[in-house]
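Residues per chain are reported as follows:
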Amino acid sequence: MDLTLKVWRQNGPNDKGRIETYPVSGVSPDMSFLEMMDMLNDQIIRDGGDPVAFDHDCREGICGMCSMFINGEAHGPNRGVTTCQLHMRSFKDGDTITIEPWRASAFPVLKDLAVDRSAFDRVIQAGGYISVNTSGETLDANAIPVPKAQADEAFNAATCIGCGACVATCKNASAMLFVSAKVSQFALLPQGQPERATRVQRMVDQMDKEGFGNCTNTGACAVECPKGIDLSNIARMNRDFLSASASEE
Amino acid sequence: MFESKIPSGPLAEKWTSHKNHINLVNPANKRLIDVIVVGTGLAGSSAAASLAEMGYNVKAFCFQDSPRRAHSIAAQGGINAAKNYQNDGDSVYRLFYDTIKGGDYRSREANVHRLAEVSTSIIDQCVAQGVPFAREYGGLLDNRSFGGVQVSRTFYAKGQTGQQLLLGAYSALSRQISKGKVEMFTRHEMMDVVIVDGKCRGIIARNLITGELERHAAHAVVLASGGYGNVFFLSTNAMGSNVSAAWKAHKKGAYMANPCFTQIHPTCIPVSGEHQSKLTLMSESLRNDGRIWVPAKKEDAEAIRKGTMRANDIPEEDRDYYLERRYPAFGNLVPRDVASRAAKERCDAGFGVNETGEAVFLDYASAIQRYGKTEANIRGLRNPSEAEITKLGKEVVKAKYGNLFDMYKQIAADDPYETPMKIYPAVHYTMGGLWVDYNLMTSVPGLYAAGEANFSDHGANRLGASALMQGLADGYFVLPYTIGDYLASDIRTGAISADTPEFEAAEKGVQDRIDHLINNNGSKPVDDFHRRLGRIMWNECGMSRSEAGLKKAIADIRALRDEFYSDVRVPGTADQFNPELDKAGRVADLLELGELMCKDALERNESCGGHFREEYQTPEGEALRDDEQFAFVSAWEYTGDPSEANLHKEDLKFENIELKQRSYK
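Heads up: the sequence lines are chains A and B, in that order.
When you line the first sequence up against this note's numbering, it's residues 1 to 249, in that order.
When you line the second sequence up against this note's numbering, it's residues 1 to 665, in that order.
By construction, these hints were calculated from the structure, which means they are not laboratory data.
Every residue gets a Cβ at the ideal spot worked out from N, C-alpha and C, and that includes glycine.
Take these hints with a grain of salt, some might be off.
[Unchecked claim] Distance condition first, Cα-Cα at most 20 Å in a straight line; then the derived EDC-like pairs of lysine to aspartate or glutamate:
(1) B:K583 <-> A:D38
(2) A:K148 <-> B:E136
(3) B:K524 <-> A:D140
(4) B:K179 <-> A:E195
(5) B:K83 <-> A:E137
(6) B:K398 <-> A:D205
(7) B:K83 <-> A:D140
(8) B:K179 <-> A:D205
(9) B:K306 <-> B:E388
(10) B:K251 <-> B:E502
(11) B:K583 <-> A:D50
(12) A:K148 <-> B:D124
(13) B:K394 <-> A:D42
[To be verified] Some chain B residues near chain A, calculated using beta-carbon distances under 10 Å:
(14) K5
(15) G9
(16) A70
(17) T120
(18) A128
(19) G138
(20) G162
(21) G273
(22) N403
(23) S566
Same shape as in the complex, but just chain B (with noise of 0.2 Å):
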């Protein structure tokens, strides 16, 4: 059950040729067979949209109250696609390459070959599908340009690119629905998955308003379910994102595969106190643009922190651009590993910008001024005015980034027109995920993962609008085809039952952790825990990791978690409208993923992309690779307890691209 079944012949013909050769499953038996998806962001709509199209029987099951709430919806800036509209030589081997390398080459070649391939298709299905991309005044797409690579091949819509595709997504789910193809369910949650006979068989849901549990069979199960970023407590996931139905495959048998790599995105507005929820991103796009400093004088960097001084009052030669001092071949586009990492050595230098010394300045004053010029020109003004420029300058980044800099006004109530934002990096994304194999199954047999969810696309690091893309290309282009390879061998096998010894099972055991919650009568509310937690894994398994910090960290979250069970209280009863149970739930299982991601941080012996390991740095303090003995994908197996988890190791091969140190110098 661990073979990546990466398709024999040349990189580029991989893809087209397995398809050609895998099973299928005739119209007529589709309907006989039943698929369950769990979430219903960009991958899991897709998905369950394509299903039901090609004739499948779907169930889909969101926690939000309608699909079109899960979080791909936040996606701010983009999604890639190697459509070389603007004519700067893209190609597919391009977008390859670059996520190879923005991944610090610890990806599978082929699957990256393959995201690379269906990206046209997805901006082609989207247009058709009604999404108002950006566009020129000649009425084609726009494009603009992202991190870790030299071209412009992000389609957008203003900054909310994500919101215009899942709901695209999401019309294409309603539609099944309105023709009876998807059975939708929404305030679900999926409790656990049922394994018959080595095969996973369905899932046990909870109806999140009257606390009932239901067994749900089905011939195979896909997991979207996104990724866990909220272990960290404060990122930018939604409240409700979650690992659980992860972790209760994983528990299961699927494989959990590089857990610890966990994207830190550098531009996100600072934390601002104690009472704090999460994080907001500040799209990746504002780096096309914007320019990030800090004052290069301490003293000055002290004054601003003490409000005595303000940005706008230090002069041109007393900046330091960072990012385009250490990276000048991209500058302020480096990938957002090197800038996360970047704005924090600075910070932590004593340069920093805000009250807490953690923030660093993004600022729009040269691009006003840029556009400013180029729009009096194409307007014909002759000599115009500095205040001229300036405000149509403004207007322009308006046009581009309106509602991004009022979401900044809105947090932290000053004005990025007229003075530079201050950001800091958080935790935005999880790249590992489910291990998955070439066609996305798990190491159970009959289990998918998608999105978010899975390893498999983005190594150690993701580029900027790449979720997007393999969200989607996972949900409409790449599992709708896989998965018929397995399910052609379930055309005889009949509906599924849940009325077996399994399911009856896997039901009892949800209920006892249930009962266990809500019985448990303790001292402190879910969410003491949760920052608790967060702050462990933000301190030593953050943005900086080291041998004796990861194990202080394991320790602190054993102890942790056992003062959870506990000293937990929850609320309420577990058969009403119960949020805090809900969340109890979740909480419990980021405790044991915690450990696991500290515990594979602490085995890779290397840094590369978002693990950064203060042993292994070059002397320039870029992260220094061990390609001799880390060229692998580390794949978890659960024993029973996380820190006693069995390493799988699949190496990485790379036949196509030559394995470099990573330059954005």
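The shape of chain A in the complex, shown without the other chains (with noise of 0.2 Å):
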């Protein structure tokens, strides 16, 4: 296959960037969309140019570091994949392909398509946790039985990779559905009870504080996210948000 990249290029957070573009042959449909990637940073390489800066690390699917904007889509074109799990065989034989990095005033562009995410820690560090300590001297594990579906479901809400795909997506740049998943894990486990008024209090200052904008209950960040992530999460963090701040004294 034959290609055209435009990539977006920024040399740093300052750095007003531009779109350039590179040509690109001989791409296997085989190859993932990060090898087609290693593939032109190979040949920029050995051209004497500067290599686009991209984030990623296990190559399959779990770790969340990627983070590439393809085509007007976080992730690219398929559902429910990372950008390391999109292969070749989704474009066609001279396709253009345009290649930007997650916008969001919370996530500030490092250099090219890497940009620092690390306002999702800070969000996670406010309250993303349930405070026992790590000393072993606790309940048997199979002590408080969890119902199965409940059980599920806080798995299904604990898949969150942390990508940002959902707050790249929402025209707002709002972080609510990475927030409300992990609010809901621990919402819907026995263990989270103690600290679930303070625990998504505080995690929605801390969003705020990073400059995550508002939900609008469009549903884009959920149709994007990699992992599935269902909206009614965002419904739970909200009446959790609401009775938390109704019950305050």
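Take the two lone chains, each set in its own frame, and fit them into one complex as the hints suggest.
Spelled out as structure tokens, the structure:
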């Protein structure tokens, strides 16, 4: 396959940035999108240029590091996959592909396609945990049965990989899907109950402080989420947040 | 400094009695002590969180943009614990025994027993943290079985157990970061350790965004920086996984133990072409229900390779379920090294089933039927049709393994619900690593290694679902106690200064190496060298090894290293975000490690676990150990050249288990 790539190039957070065009040829349909990017960089380096910086690590769709906005969609045209699991067989010979970074003021660009997502870490640090020490001196794991359906739902929420596709997709750059997934995981489990009210308040406060936008219920985040995190998590978080605020002294 | 420090007394009491007798640091004094943790996978995150909870001041480092992304996140199948919830006769002793045997009798009894002892606390701990393990309808935890054992002791969260456990440890770590007890440095790479008066007193780190070098001093340093499978270029490791932290420690005096013990995992998606950058694992849990086979007739295999025949066209009697045939007692659930070699043996004999001839089938057809029938019974369906059974069976398989099947479909463009998956062994884990004593301290005082970065628990072959167990055991329950024994003598030392000639010299060394790479102006990108190193390692130090091949590999690696230093091209500058420069430093270290691995494999004139020397095999082609001469840990001391490393032998004493030839027949 021969392709034309239009890639966002930006030297750092303060650079204005621009689109540059690169032809690539001999792309195999079996390549992953990132392997195609490797090929581009190999070519650029051999020509003495500056390769395109992009984040990636596990390349099996679970670490959440890869983050490309491809032809106007987070992680490209396919549903339920990250960029690293997108294969070139999803494109046609002769295609022009536009590749941009996640765009959100809470995710400043570091270089080219790599952005700073540490805002997500700070939201988790604000309360995305259960306050138990790691001594191992807790109840036996089977002491509290958890109904399977509830455990499965908690698991589904917990599969969020923190990639930020939801933020990048949302026209308001809202982080509600990400935050609500963590809030829901603990809200659905008996172990999460003692801190349920304070957790949601602290996490939402931090989310606002980081400059993420508000949710206007367009649902685009859930469509683009590579892990299929459900919109109902946002509803649960809103409910919890409201009831926590109402019961405040 | 080369003493295993295994406590005396009966095996089952060693750990308890050790904990009762080692030195403690009182809570007020812990506040005066700084500890550095490098790496935030299961071992690193759990260690950093636990040490901070106890009161130490912790600095944690990871090269990823968030501690949550460390490669433990990708572990799929599960975590073992001797809970015996299934009432199938499991016990701490059985988990201990299985692990020693699975490791082909090349691990320390005392370490492994401790691991089995603390395994049960891990599950309790994780549930308390809100880790959503799979549950049965009654609300209690579910288990599955894994390779090399005859009980069901594996706890899991679909095919994403590593993710859920790491997010648990990450949440504990985040809690300590918010309290200010852990200072977190993301996008930082450890470039060197700093030794002062014979003790490890800090690290030189590089900020990967700005390129700045930083000095960080501490009373002790913990390396939880993972394994070195990426020396093979193609592996199931993440692209950034590297040996550099461990290798830098090795060059500063830490011994490297059993570096040739590499795990080749039997069930990975086969290589599809030259462009391939990494390989993807299909969890071992799939061997629970899947059956592995190749065509029994060579002409059928040829037809499949040519594409004129399909797997489903081959009748039952013409299929060779070679694991069930060779190992009736364990069948498809033999340990990984055995399963991998058996796949290679069939493919080398001409029975491979993809274009490259390097693939075997993993078939779910019979599991779908079996589950379908059970489900039909549960739902009270009378005389269900074939189609109904198949539909129900697929639903059950989807619930158990859905994400793995999706992943396969994505990568291989083939539907595993309809036709068997094609799989082949790939590099997955490294049992070898930094030599540590019973306290997890390396041969450098004050320098510790935890998780995959150390060598301690898996011998020559790791059993499935044991890596997660070891990572969390080291980080939550072992290191936080044992480190106190050393730090107790440091309570009057005061803060360690980074403004000393030792830090100065270490920083200068790092700067010089970076300058050399960035100014080299060669012609080939880093990956070019990495790929070639990988090919040498896979061919000569992979699933089977020989004296001649290893000698050739050593010469080839040395030549490749020289070429790297004269002809590598690293674009950009050192004071910017420059992933190519990061990679160049890592590959430079892998080019040295590879040579030591080959040397270790060459010196170990026996076969054991994942280390298979062609010269040493039984008539049936099984690994032939030599316990008389090789029941020891090879601990290598760096002397300036990987090939000239000094060998120190730690004899392995088996007081509780009788050494036997491993049999899974």
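Status of each hint after checking the structure:
no., hint, verdict
1, B:K583 <-> A:D38, "holds (13 Å)"
2, A:K148 <-> B:E136, "holds (6 Å)"
3, B:K524 <-> A:D140, "violated (56 Å)"
4, B:K179 <-> A:E195, "holds (16 Å)"
5, B:K83 <-> A:E137, "holds (15 Å)"
6, B:K398 <-> A:D205, "violated (38 Å)"
7, B:K83 <-> A:D140, "holds (10 Å)"
8, B:K179 <-> A:D205, "holds (17 Å)"
9, B:K306 <-> B:E388, "violated (34 Å)"
10, B:K251 <-> B:E502, "holds (15 Å)"
11, B:K583 <-> A:D50, "holds (15 Å)"
12, A:K148 <-> B:D124, "holds (18 Å)"
13, B:K394 <-> A:D42, "violated (43 Å)"
14, K5, "violated (23 Å)"
15, G9, "violated (22 Å)"
16, A70, "holds (8 Å)"
17, T120, "holds (8 Å)"
18, A128, "holds (4 Å)"
19, G138, "holds (6 Å)"
20, G162, "holds (8 Å)"
21, G273, "holds (6 Å)"
22, N403, "holds (8 Å)"
23, S566, "violated (17 Å)"
Violated hints, in rising order: 3, 6, 9, 13, 14, 15, 23; the structure is consistent with all others.
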